[in-house]
Amino acid sequence: MDAALQMTLARATATTERRPVQVALIAAGVLFLVFFLLLPLAVVFGEAFSRGWLAYASAIWEPDALAALRLTLLTAAVAVPLNVAFGLAASWAIAKFNFRGRSLLITLIDLPFSVSPVISGLIYVLVFGMQGWLGPWLEAHDIKIIFAVPGIILATVFVTFPFVARELIPLMEQQGTEEEEAAVVLGASGWRTFWSVTLPNVKWGVLYGVLLCNARAMGEFGAVSVVSGHIRGLTNTLPLHIEILYNEYQFVGAFATASLLACLALVTLALKSFLEWRLRDEIAAVGH
Amino acid sequence: MIDIRGITKTFDGFVALRDVSLTIGEGELVALLGPSGSGKTTLLRIIAGLEFADTGEIHFEGRDATRMAARDRRVGFVFQHFALFRHMTVRDNIAFGPRVRGRSKAEMDERVERLLQMVQLEGLGHRYPSQLSGGQRQRVALARAMAIEPRVLLLDEPFGALDAQVRKELRRWLRQLHDEMGITGIFVTHDQEEALEVADRVVVMNRGAIEQVGTPTAIYDNPATPFVYRFLGNVNRLPCSMRDGFALVGGLRMTLKGTGSESVSGTEGIAFVRPHEIDLVAEPAEAGVPATVRHSVVLGPMVRVELEAEDEGIIEAEISRPRYRALGFAKGSRVRIVPRKAEVFLDDGRRFSAQVLSPDRAPRVVGSPQG
Chain A
1 MDAALQMTLA RATATTERRP VQVALIAAGV LFLVFFLLLP LAVVFGEAFS RGWLAYASAI
61 WEPDALAALR LTLLTAAVAV PLNVAFGLAA SWAIAKFNFR GRSLLITLID LPFSVSPVIS
121 GLIYVLVFGM QGWLGPWLEA HDIKIIFAVP GIILATVFVT FPFVARELIP LMEQQGTEEE
181 EAAVVLGASG WRTFWSVTLP NVKWGVLYGV LLCNARAMGE FGAVSVVSGH IRGLTNTLPL
241 HIEILYNEYQ FVGAFATASL LACLALVTLA LKSFLEWRLR DEIAAVGH
Chain B
1 MIDIRGITKT FDGFVALRDV SLTIGEGELV ALLGPSGSGK TTLLRIIAGL EFADTGEIHF
61 EGRDATRMAA RDRRVGFVFQ HFALFRHMTV RDNIAFGPRV RGRSKAEMDE RVERLLQMVQ
121 LEGLGHRYPS QLSGGQRQRV ALARAMAIEP RVLLLDEPFG ALDAQVRKEL RRWLRQLHDE
181 MGITGIFVTH DQEEALEVAD RVVVMNRGAI EQVGTPTAIY DNPATPFVYR FLGNVNRLPC
241 SMRDGFALVG GLRMTLKGTG SESVSGTEGI AFVRPHEIDL VAEPAEAGVP ATVRHSVVLG
301 PMVRVELEAE DEGIIEAEIS RPRYRALGFA KGSRVRIVPR KAEVFLDDGR RFSAQVLSPD
361 RAPRVVGSPQ G
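Going down the list, the sequences are from chains A and B.
Per this note's numbering, residue 1 is the first one in the first sequence, and the count goes up by one each step.
Per this note's numbering, residue 1 is the first one in the second sequence, and the count goes up by one each step.
I should point out that these hints are in silico values taken from the structure, not numbers from a laboratory.
Just to be clear, a hint being listed does not mean it is correct.
[Stated by the list, open to error] With a straight-line cut-off of 35 Å between C-alpha atoms, the simulated DSBU-like cross-links for lysine-lysine are:
(1) K272(A) / K96(A)
(2) K105(B) / K203(A)
(3) K331(B) / K96(A)
(4) K331(B) / K341(B)
(5) K96(A) / K203(A)
(6) K341(B) / K257(B)
Computed from a prediction, not measured in an experiment: that's the story for all the values here.
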C-alpha cells in the first residue's frame, strides 16, 4: 500500500470513536439543537399563525409595528457602519502597530461585553438624561437624546462596539504585516496599501463582524429599554414592541412581530451562506 | 552602487547593528551570512527602508537615501515567507508594483508576460498563491519584486522556507538569472553553503557587526576570525600551546608560519583544523590527540569519522575509504588524531598558519608539554 494512504488510514482510525459513542454524540447534538433552537422557532411561527394569515398580516401591518420595524432598521443602519469604521481602525492599529496604550484599548473594546446591557443604558441616562451631567445644557439647546431616537442609537452603538474589532484583531494579527511591507516597497502609499491589501485580506472577517453586529443591533433589548421610554410609534424598537404586546396579552401580535425579527435574522444568515458559497474559491485563497 | 556608512540600530536596548559600513558595487551579488540575531536581516530591512537606522547613512548612487521612504527607494524585496498578496492572482501580484506606479495598461501587461516567462510560470497567471507550490510562490515573489525594475534586489532568506531539492534548484537558477540580467542583489542567509555557492562576495556578520568581507574562496580559505572559522562550518577546535615557534597539539609539533612566528613562545591558543586535514593513526602511537571512534559514515569516496577526544569533545575527521579500510577501526577503537594543517589563533589575538613540516614522513615527536 502507498505510504501516504496508509498514514491517512491510520489517522482516520486513531481519531475515530466507536459506533455507540458516535451515535450518542450525534444524538446529543441533534437533541440540543431541536429543543433549544428549532422548537422555539417553530413555536414562534406556530403562535404567530394560530389565528390564520389574516390575523398575522394585520398584526404586522399596524402603524406601531411598522414604526418599530422602521426604527429597528434605522438603528442597525447607523450602528453597523459606525461599528465597521471603528472596528477596522481599531483592529488595524492594534494588530499592525505597537504603541503605548495598546492593551488599554483592547480592554476598552471588551468593556461592552463585560458590562450588563442595562448598565450600558443607564450610563447614557446618567450622562444625557434630565438629571444627568449634560441634561441642563442639552435642554437649554433643545436637544433630546434620552427617550428619543439618538439615545437608542447611542446605546446600540455602545453595546455592539466590540463585534467587528473582536472578529478582525486575531485575523489581522495572524496575517502579520509582511504583505503591507511588500506593498509599500513596491511603491504603494499607506492609503493604497490599506484599500488594496489589508482590507481585501480581512473582508470575510468584516462580513462576519457585520452580521453579528447587525443581529445584535436589531435584537438588543436591555440597553435600549432603559433609554427608550417606550413611546409607541416613536421610540419602540421591535424587541420593545414585542414585550409590550406580550404584556398586554396580544399573543398573535407579539409572536407575529417576533417572527418578523426571526425572519430578519434568517435573511442575514441566508445572505452569509450564499456569499460563502458564491465566493468559496476566493475565501479558500485568503484562508479565513 | 550602495554605500552604507556607520549604521547603528537598537531595538529596546538590544543592539542589532553596531557601526556597520559596507559598499556594494553595481551588478554585484552579495550574501549577508550569519547566525540568527547577527543583524543581517535588520541591515537588509534598513537598505529597503522598512526600518530606519539610529545613526549612520545610506547612499544610493551617491545620493543620500537615509531618510527616504521605502516606496520611493525603488528596491525589490523578496520576503522569507514570500508575502504574496493572497487575494490576488499571480498576474495581479506581479502587476501590483507597475500599477501603483501608474504605468499604462499595455506596458503593465507586456511586463507581466515577460516576467512570467522569466520565472517559468507561463500559464499560471490566473492562479492564486495558495494554489502554487513553495518553489512557484518564491518565483512569483521574485517576479513581483523585479516588476518595478529595481535598482537593487533584496532577498531575505530567499530559500529558507523551501525543501532541500527545490532550494538547490532555485539557488542555481537565481545565480543564472543574476548573470543574465546583471542586477545588483543582496541576500540574507544563515546557510554557508548557499552563500559560498551563489554570491560574488560574502559578508559574514556576528552580533551586529561585520566579521569579514570577501570572495567565497577568500572567506573559506582564509577566515579572518575564529568566529568565521567556526561559522563556515565543519571545523574542529584543538587547544594548543606555543613553544619556540612551534605549536604543540597533543604532543605533535607543528611549525608556525608568518612574520614573528619564530619568537612565539609560552602562549596558549586554539588550533582550527578542517576534517579533511586530519589523519588518524592507530594506538599505540607516539603523538596526536587521543580519542575514541564513536561513529562513521561513508560519504562517496570519503569516510566521515566521528571521534570523542577526552578533553576536546567531538572531533570530525574525513579520511579516504582505502585509508579507513587499512586502519580497520571499529566503534570504540582507541586512536590518535594527527592534524596535517591548522590555523592557530593565539589568546593574545595573533594568528598563524601551522603545519607538520614533512607530511610524508612520520610526525616528529616531543615530550608532552605537561611532562
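Status of the hints after comparison with the structure:
Between K272(A) and K96(A) the CA atoms are separated by roughly 28 Å; this keeps the pair inside 35 Å, and the hint holds. Simply put, K105(B) and K203(A) have alpha-carbon atoms about 27 Å apart, close enough for the 35 Å limit, and the pair holds. Of the pairs offered as hints, the one joining K331(B) and K96(A) is violated, with about 56 Å between alpha carbons and a cut-off of 35 Å exceeded. For the given pair, K331(B) sits about 26 Å from K341(B) by alpha-carbon distance, which is consistent with the 35 Å threshold.
With a C-alpha separation of about 16 Å, the suggested pairing of K96(A) with K203(A) holds against the 35 Å cut-off. Between the alpha carbons of K341(B) and K257(B) the distance comes to roughly 11 Å, so the proposed pair stays at or under 35 Å and holds.
Of the numbered hints given earlier, the model fails hint 3 alone.
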